[in-house]
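Go ahead and model the full structure; you've got the sequences and the hints to work with.
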Amino acid sequence: ELKVEQNPLFLSMQEGKNYTIYCNYSTTSDRLYWYRQDPGKSLESLFVLLSNGAVKQEGRLMASLDTKARLSTLHITAAVHDLSATYFCAVAAGGSQGNLIFGKGTKLSVKP
Amino acid sequence: DTGVSQDPRHKITKRGQNVTFRCDPISEHNRLYWYRQTLGQGPEFLTYFQNEAQLEKSRLLSDRFSAERPKGSFSTLEIQRTEQGDSAMYLCASSVPNSPLHFGNGTRLTVT
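So the protein sequences, as listed, match chains Z and U. When you read off a place in the first sequence, starting at 1, and then add 28, the result is the number in my numbering. When you read off a place in the second sequence, starting at 1, and then add 13, the result is the number in my numbering.
Since the hints were derived computationally from the structure, they do not count as laboratory data. For glycine and all other residues, C-beta sits at the position ideal for the given N, C-alpha and C.
One side of the interface only, derived from the structure: several residues of chain Z facing chain U at Cβ under 7 angstroms: (1) TYR61; (2) LEU71; (3) GLY133.
Here is the structure:
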């Protein structure tokens, strides 16, 4: 059974600092997603990672995937308050086209 | 692209009552998904459709839950004989194959 673990679950950062969120998963998968959720809102897609070594960047966020280590990272560069949200990684369950297994999320708070 | 629409936004019901939620996907998306999210957790897969066919259903899904997508457009999720443990945010999402899921704003169910 596929398990997805994120850490840390809570992260308080100062503006301008860098940090990395980790997402480990337990079995092989061909797709990994990162989503953002603001309080009371739905989930917004950030990145889709499809192959080993894939790296995608959007603004201050960069995501990477190491399928051999079953690890994805979401790196935050020079954090700003607007990045405060909960970030989820999700991995496609083996053989499934629709079943994404989500981590518990990392609640990020960026303080001035 | 008007986004995924869910109705109602909130539903309060008494234990034992039946409830039905509606989801209208993005019009060109042939895949539709239902997830459930409780406080502090990531979304949990319930079921998904490709066009009108229900292709996968969570093993954890009680027989009290049923979903339909009769014409391959909108979908309904019905919960019969609701229990307090059913209280959650019910999220609908849609996509085309192998692309990120686009989530709606959800229906928050409270069972009293």
